[in-house]
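**Student:** So you can see what is in the structure, the chains are spelled out below.
Number of protein chains: 2
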Amino acid sequence: MEFEKLFTTIRIEAEKIENQMRRDLTELLPTIDDLLAEVLEYGLLNGGKRIRPLLVVIASRLCGDSDDKIYRLACAFEYLHGATLFHDDIIDNSDSRRGNPTINRKFGIAPAILAGDFLHAYAMSVVGRFSGKEGLKVFCAATAGMADGEFMQLRNSVNTNLSELDYHDAIMGKTGLLISAACVIGAMYGGGNREQILAMQLYGDNLGCAFQIIDDLLDYQGDSAKTGKEVGNDLMEGKMTLPLIITLKNAADPDRKRLLEILADTGKRKECVDEVCQLIENYKGFNLARARAVEAVTIACNALQIFDGNSTLFERELLEGLAHYVLTRDK
Amino acid sequence: MEFEKLFTTIRIEAEKIENQMRRDLTELLPTIDDLLAEVLEYGLLNGGKRIRPLLVVIASRLCGDSDDKIYRLACAFEYLHGATLFHDDIIDNSDSRRGNPTINRKFGIAPAILAGDFLHAYAMSVVGRFSGKEGLKVFCAATAGMADGEFMQLRNSVNTNLSELDYHDAIMGKTGLLISAACVIGAMYGGGNREQILAMQLYGDNLGCAFQIIDDLLDYQGDSAKTGKEVGNDLMEGKMTLPLIITLKNAADPDRKRLLEILADTGKRKECVDEVCQLIENYKGFNLARARAVEAVTIACNALQIFDGNSTLFERELLEGLAHYVLTRDK
Chain X
2 MEFEKLFTTI RIEAEKIENQ MRRDLTELLP TIDDLLAEVL EYGLLNGGKR IRPLLVVIAS
62 RLCGDSDDKI YRLACAFEYL HGATLFHDDI IDNSDSRRGN PTINRKFGIA PAILAGDFLH
122 AYAMSVVGRF SGKEGLKVFC AATAGMADGE FMQLRNSVNT NLSELDYHDA IMGKTGLLIS
182 AACVIGAMYG GGNREQILAM QLYGDNLGCA FQIIDDLLDY QGDSAKTGKE VGNDLMEGKM
242 TLPLIITLKN AADPDRKRLL EILADTGKRK ECVDEVCQLI ENYKGFNLAR ARAVEAVTIA
302 CNALQIFDGN STLFERELLE GLAHYVLTRD K
Chain H
2 MEFEKLFTTI RIEAEKIENQ MRRDLTELLP TIDDLLAEVL EYGLLNGGKR IRPLLVVIAS
62 RLCGDSDDKI YRLACAFEYL HGATLFHDDI IDNSDSRRGN PTINRKFGIA PAILAGDFLH
122 AYAMSVVGRF SGKEGLKVFC AATAGMADGE FMQLRNSVNT NLSELDYHDA IMGKTGLLIS
182 AACVIGAMYG GGNREQILAM QLYGDNLGCA FQIIDDLLDY QGDSAKTGKE VGNDLMEGKM
242 TLPLIITLKN AADPDRKRLL EILADTGKRK ECVDEVCQLI ENYKGFNLAR ARAVEAVTIA
302 CNALQIFDGN STLFERELLE GLAHYVLTRD K
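Top line first, the protein sequences correspond to chains X and H. Here the working numbering runs 1 ahead of the position in the first sequence, where the first position is 1. Here the working numbering runs 1 ahead of the position in the second sequence, where the first position is 1.
So here's chain X without its partners, still in its complex pose:
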């Protein structure tokens, strides 16, 4: 499929999701506190990419029929995603997200915690309503797994012995689980059989990993005007992401020693972002990390091969297109 047609379809679907979110908020607003309503509107209607709800919608169609209620179910994934972002921004003490002040910065820590908790419960209630018991189980497991994965990340901070496997586990928790759950629950809603649901899970796991690897690359290489984030943020916070892990493994002794020296010191991590970038570049850390993302996207697309019917060719191509888009995104 040409990228243009892909983007048109995605844009139309993303708009339907956005409209459903607005309808949900309109329904909620009269029943909740004014400040909570303000925080939710600010935190949710902020130009997000809506990748997770999109996956729910497309997966459900790929695996069979689905009705318009799928948009209601799909939005639950954006609500849960929002809840985790609200809380992550407190944990990371972040000042801005997508170019705007974070909720903790604009409204304070208490509203950020509570609005996250509210969205969390709201997302669960939507999933409980529109998906079966099995769907709710997957959703809760993903949510619990995300919090568990964050603990791993807390402990991994400035752990210079981190392996690629540790990194993989951490990003599965952080990003893969919810993206995978979106694919699985969409497939369940569409009436997919066991093989189809497992294929969507494999697709989702790998798409999620690719997505997070690229996210971590953008942290070093992105244009902060586009990403809305400062370059080198992860490094400054001591987050061990793939380019750095690869470089630590491959670097010659003096370079490795220098990297460890920088990583061990909060001040140096802030001052030496350019130097670290150059070291990673020298050891092809960025290229090798990108190759891992390409590999994951390939596995994701191969998982879709079982969907070989003509009637769902369009949905399959959409998912393949989305996977390749992940590799090209710049924000």
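By construction, these hints were calculated from the structure, which means they are not laboratory data. Any given hint might turn out to be false.
Copies of the same chain look alike in the list, so a pair counts if it fits in one copy or across any two.
[Unchecked claim] List of simulated lysine-lysine pairs, DSS-like, C-alpha gap at most 30 Å: (1) K50 / K70; (2) K271 / K107; (3) K285 / K230; (4) K134 / K70; (5) K285 / K227; (6) K332 / K271; (7) K269 / K285; (8) K240 / K107; (9) K138 / K50; (10) K17 / K134; (11) K230 / K250; (12) K138 / K17; (13) K70 / K138; (14) K285 / K250.
Put chain H on the given structure of chain X with help from the hints.
**Tutor:** Frame of chain X; chain H shown alone:
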């Protein structure tokens, strides 16, 4: 029923709940991060009163049969309660709970947020598994309502125009909703009919209100060695609770003016706890607040009158006993 028999039964049931919690944790521990496991054990096995799970168990028996799986469902309420306490202690910047350092103080803010999120999802998954779709709906509504109620409390801080009705709404959100949900979901699990479920809701709403009014009284009048909390904490934080609301309404002009002067100033709120207590005492604020709690307990017990069968007399007496215990508790 004599209090002694009540306490024996309650103690035995609370032990069964405690054992179920330990079994749940033992099942969870191998699957989660070590630090998360440590936080959960520290935060959950801390000598809590287990009121909410107890209500689930007794309500289910009062409304019909229930099996041993009820303990699994019941514990979900303690997990959700724990999640809200972890987050509340961050919001209130509390140093200690039940005489021990809070999780935010002992482990930091990030673990407190994340462990709360984990428990939140875990509680939902348990309710989704052991209670029907309707039960999950009640549980999610209570959870979302609690976060919404906290927003109200944030906005109510140092709002000296607060009415008793505002206070009632706030404590329903903070405490009433989850206690009420425990009663309702227990009744549903036991196979209660619509009238029985509504009766349990009325009981729960009023028990929750009484519970919180007494909690707020203990904040002024409690023995900090027993409550594990500093006396006058709410006042110092500018929380407008019932004794203060009543006193502001009833006080003569000079006293009212003095109270407003103290409330408007963070430093004075800390220095003048004794003076404020005396003013509340002078206007019978403590006694009038306690009278409201007694009234709520009376309504709660009256709601139980529809359970007039002999076979459930013991459970009914237990719930009546619990309601009266709420009035006498000192921690």
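**Student:** Each hint: holds or not?
**Tutor:** Consistency of the hints with the structure:
no.	hint	in the structure
1	K50 / K70	within (20 Å within a copy, 42 Å between copies)
2	K271 / K107	both (25 Å within a copy, 28 Å between copies)
3	K285 / K230	within (23 Å within a copy, 56 Å between copies)
4	K134 / K70	both (17 Å within a copy, 17 Å between copies)
5	K285 / K227	within (24 Å within a copy, 62 Å between copies)
6	K332 / K271	within (22 Å within a copy, 49 Å between copies)
7	K269 / K285	within (22 Å within a copy, 62 Å between copies)
8	K240 / K107	both (25 Å within a copy, 23 Å between copies)
9	K138 / K50	both (25 Å within a copy, 29 Å between copies)
10	K17 / K134	both (26 Å within a copy, 27 Å between copies)
11	K230 / K250	within (27 Å within a copy, 51 Å between copies)
12	K138 / K17	both (26 Å within a copy, 26 Å between copies)
13	K70 / K138	both (20 Å within a copy, 18 Å between copies)
14	K285 / K250	within (12 Å within a copy, 72 Å between copies)
In summary, the structure agrees with every hint in the numbered list given earlier.
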